[in-house]
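Chains Z and H supply the protein sequences, listed in that same order.
According to my numbering, the stretch in the first sequence is residues 1 to 405, in order.
According to my numbering, the stretch in the second sequence is residues 406 to 820, in order.
Be aware that one or more of the hints could be misleading.
Straight-line Cα separation of at most 30 angstroms, DSSO-like style, residue types lysine-lysine; simulated pairs [claimed, not checked]:
1) 280(Z) / 425(H)
2) 326(Z) / 695(H)
3) 280(Z) / 567(H)
Just so you know, the hints here were simulated from the structure itself, not pulled from any lab data.
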Amino acid sequence: MAGHLDTLAKKLALATLPCPAPTTYTDSEDAQDWTYGVPRTTLERLVHYWRTSLLPNWREHEQTLNALPQFTRSIEVDGHGVFTAHYVHKKSEDRRRNAIPLLFLHGWPGHFNEASKLLPLLTAPPASSDYPAFDVVVPSLPGFGFSSAPTKTGFALPQYAEFAHKLMLSLGYDEYVVQGGDWGRHIGLGLAYTYPKHVRAWHTNYPRSAGPPQLLRNPLLWLQHLVTPYSAAERKGLDRMQFFTNEGTGYSAIQATMPQTLSYALTDSPVGLLAWIYEKLVFWSDAYDWGDDEVLQWVSIYLFSASGPATSARIYYEIKHSGRSKELINIWSPVPLGLSYFPKELTPVPKTWARTVGNVVFEADHDKGGHFAAHEVPHALADDLRKMFGKGGKAYGVVKGKDGY
Amino acid sequence: MEQPFNISVSQNTLDSLAQKLAVATLPAPAPVTYTDSALDSEDWTYGVPRPTLERLLIHWRTSFLPRWQEHQAALNALPQFTRSIEVDGHGVFTAHYVHKQSTHNPKGAIPLLFLHGWPGHFNEVSKLLPFLTTPPANAGYPSFHVVAPSLPGFGFSSAPTKTGFAMAQYAEFAHKLMLSLGYNEYVVQGGDWGCFIAHRLAYLYGPKHVKAWHTNMPAGRQPTFTRHPLLYLQHAITPYSAKEKKAVQRMQQLRNEGRGYFAIQSTMPQTLSYALADSPVGLLAWIYEKLVKWTDAYEWGDDEVLTWISVYLFSTSGPETTLRIYYETVHQGNFDEFAKLWSPIPLGLSFFPCEFIDGPRTWARTMGNVVFESDHDKGGHFAAYEQPQALVDDLRQMFGKGGKAYGVVKGKDGY
Numbered sequence: 001m002a003g004h005l006d007t008l009a010k011k012l013a014l015a016t017l018p019c020p021a022p023t024t025y026t027d028s029e030d031a032q033d034w035t036y037g038v039p040r041t042t043l044e045r046l047v048h049y050w051r052t053s054l055l056p057n058w059r060e061h062e063q064t065l066n067a068l069p070q071f072t073r074s075i076e077v078d079g080h081g082v083f084t085a086h087y088v089h090k091k092s093e094d095r096r097r098n099a100i101p102l103l104f105l106h107g108w109p110g111h112f113n114e115a116s117k118l119l120p121l122l123t124a125p126p127a128s129s130d131y132p133a134f135d136v137v138v139p140s141l142p143g144f145g146f147s148s149a150p151t152k153t154g155f156a157l158p159q160y161a162e163f164a165h166k167l168m169l170s171l172g173y174d175e176y177v178v179q180g181g182d183w184g185r186h187i188g189l190g191l192a193y194t195y196p197k198h199v200r201a202w203h204t205n206y207p208r209s210a211g212p213p214q215l216l217r218n219p220l221l222w223l224q225h226l227v228t229p230y231s232a233a234e235r236k237g238l239d240r241m242q243f244f245t246n247e248g249t250g251y252s253a254i255q256a257t258m259p260q261t262l263s264y265a266l267t268d269s270p271v272g273l274l275a276w277i278y279e280k281l282v283f284w285s286d287a288y289d290w291g292d293d294e295v296l297q298w299v300s301i302y303l304f305s306a307s308g309p310a311t312s313a314r315i316y317y318e319i320k321h322s323g324r325s326k327e328l329i330n331i332w333s334p335v336p337l338g339l340s341y342f343p344k345e346l347t348p349v350p351k352t353w354a355r356t357v358g359n360v361v362f363e364a365d366h367d368k369g370g371h372f373a374a375h376e377v378p379h380a381l382a383d384d385l386r387k388m389f390g391k392g393g394k395a396y397g398v399v400k401g402k403d404g405y
Numbered sequence: 406m407e408q409p410f411n412i413s414v415s416q417n418t419l420d421s422l423a424q425k426l427a428v429a430t431l432p433a434p435a436p437v438t439y440t441d442s443a444l445d446s447e448d449w450t451y452g453v454p455r456p457t458l459e460r461l462l463i464h465w466r467t468s469f470l471p472r473w474q475e476h477q478a479a480l481n482a483l484p485q486f487t488r489s490i491e492v493d494g495h496g497v498f499t500a501h502y503v504h505k506q507s508t509h510n511p512k513g514a515i516p517l518l519f520l521h522g523w524p525g526h527f528n529e530v531s532k533l534l535p536f537l538t539t540p541p542a543n544a545g546y547p548s549f550h551v552v553a554p555s556l557p558g559f560g561f562s563s564a565p566t567k568t569g570f571a572m573a574q575y576a577e578f579a580h581k582l583m584l585s586l587g588y589n590e591y592v593v594q595g596g597d598w599g600c601f602i603a604h605r606l607a608y609l610y611g612p613k614h615v616k617a618w619h620t621n622m623p624a625g626r627q628p629t630f631t632r633h634p635l636l637y638l639q640h641a642i643t644p645y646s647a648k649e650k651k652a653v654q655r656m657q658q659l660r661n662e663g664r665g666y667f668a669i670q671s672t673m674p675q676t677l678s679y680a681l682a683d684s685p686v687g688l689l690a691w692i693y694e695k696l697v698k699w700t701d702a703y704e705w706g707d708d709e710v711l712t713w714i715s716v717y718l719f720s721t722s723g724p725e726t727t728l729r730i731y732y733e734t735v736h737q738g739n740f741d742e743f744a745k746l747w748s749p750i751p752l753g754l755s756f757f758p759c760e761f762i763d764g765p766r767t768w769a770r771t772m773g774n775v776v777f778e779s780d781h782d783k784g785g786h787f788a789a790y791e792q793p794q795a796l797v798d799d800l801r802q803m804f805g806k807g808g809k810a811y812g813v814v815k816g817k818d819g820y
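Next up, chain Z with everything else stripped away, as it sits in the complex (with noise of 0.2 angstroms):
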């Protein structure tokens, strides 16, 4: 680590900027025009605190982030061979209950650590009240954080849910939920899918769908979807989706076909791994509130993983070259679904379309929130968990013997 920290601060004091972008604003001083992507004036910025505060300090981060308790074992995939897996595992604090096992999964460009808020509030609900408690276990998926990375071309959904399901049976979990957004959400409904005598429920933050509901598979939503207009808010959503297809997706389309190309550039350079994460943490969020050390928190985990920060942009690869996978990002699943819509989701869509997935016994609407909701609006998450799974909530006692109490 030390190796890496020299290095660091080495190519941070050669970092090279480049000049601004074209102005848009008549004002042409303003520092928050992102239309070209991250404004210089802000990334200089986060650079400076990066060399003069953040890397001298650097121990002072690394406990924080040590203070979940993580741990590595094997795993084997098929055909894929053993990974190292590293994952978060905290059980509830107060061992009497009989806590719900829950698997909670990042995505890109998210990491084990997006849980950290979340954790308490599932571990050790107040004791006066009536919630629930979880153990939870938070993989770094295989190419992120601490995990090892697939070395072999395919390794796609069932993979990644093989690596998942696998890992929560290692820890002794026979029956367990799952809680994901982003490439979580679809991992988990692949879980959900494949392994429902195991998956008992699931929740996503991150409701997708391909499109409004089809006579033909769901004709119930379909007729529904026929007569109930959208409200204010999913239109809104509806906006907000097609601006992310027409301006969001440059880095989803380079990273699906061409990742090794990219990862050149975020390999070797620390201000351009910040510029292309940071971009994602300001736009896919509800105007949160980044702290300079919780976003280059944030970087250093994907600057200083295990097999690199780019491999994780192979997943996006993957996907979109197996066949397999896009069926199962749009399955339809009978394992209880709880969807939470948050309005600065990357796509919101419209409930009649988010309910095509599956056996939907959970909604919830929120009026704050983007796409990183555990890490932006953990009470909002949690309280949906606990209305979901807790006493009288419609996943109440779905893993035998643990309903959390």
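Start from chain Z and add chain H according to the hints.
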């Protein structure tokens, strides 16, 4: 005021580059796609293979950079200049350009504007120059005066600082450059962005100033019944030739797998800029991938590749400003205008097998008043660089005696 120009990279810049190369960090190799061993350095499925890039990096550090002065001198073999060119609403630019006249035929040579694209640059013209400006005596070939600018934001021209600098502005820049050099009438040759800019030049300044144009990237759009009734009919009843089928297949492949760079550059170029500006290795990979994927098995030498990348790395406004042409053009809807902005001036098309062709010949012919077409068995996107002889032959046929665009420029027929 025209000033002679020589590329002269400062020692500071060279030292900084050396330091960055010394701490360069390479990514893990891509996953194995062949059943064969992971050491196959030619597996380009995920992008530039690591062994290949690593080899180039070592060559850069140990050979190319220490001998930079030689490579710089080679670039400076082309006669280069700068002058100020103003573009309406965008201020004054420093225009950097190659200007090579035909010495044995100063009065009669045809003024030709050569336009590069991305990731191209002014030096792409280098192999064409001797053939165009100094053809063998008594061979019956026309001679040309050649002007090859760096587009704004590329090479050693300055970059736009305001949003909205798109095809019309690039055309205005190039046109004013030609006028300022005393070429009131001229012809244009371009590929990649050079093709789109040439198309716009033809529309805006032809036939008064721009008398004919030629492209090695026939782009075109599907003919519609209302706009191109004859081509529409022709397209409807003519089956695709074997070559055309192959070209359409190749285009499909490129669309599915090769458009990532386009998507990011046309939406969030500034976000990408940080990585490309800060990492020479990252920039090398980003461009080198195109040099290999877009050419027809061209055998790139290491020095050749690194010289090419260096034009980007050492450019006046940084490599990142080159990306913005994608953003500006897409946001102005310029690509859809081929069908609408049609010019009657003569147009020549050269078809190279590894170029991206949108569709069959009938599509390409919607680009303008096609008077010349040629087919080649070899060559890709960088035709002027890969197949200079072939491209020169085409220009000679098109503009020479007996050619369909012979004598388009008054009093300058090349002889």
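Verification of the supplied hints:
Using a Cα cut-off of 30 angstroms, the hinted pair residue 280(Z) and residue 425(H) holds, with the two alpha carbons roughly 27 angstroms apart. Taken as a hint, the residue 326(Z) and residue 695(H) pair is honoured in the structure, with Cα atoms around 28 angstroms apart against an allowance of 30 angstroms. Taking the CA atoms of residue 280(Z) and residue 567(H), the gap is about 25 angstroms. The hint holds against a cut of 30 angstroms.
Of the hints listed earlier, there is not a single one the structure fails to meet.
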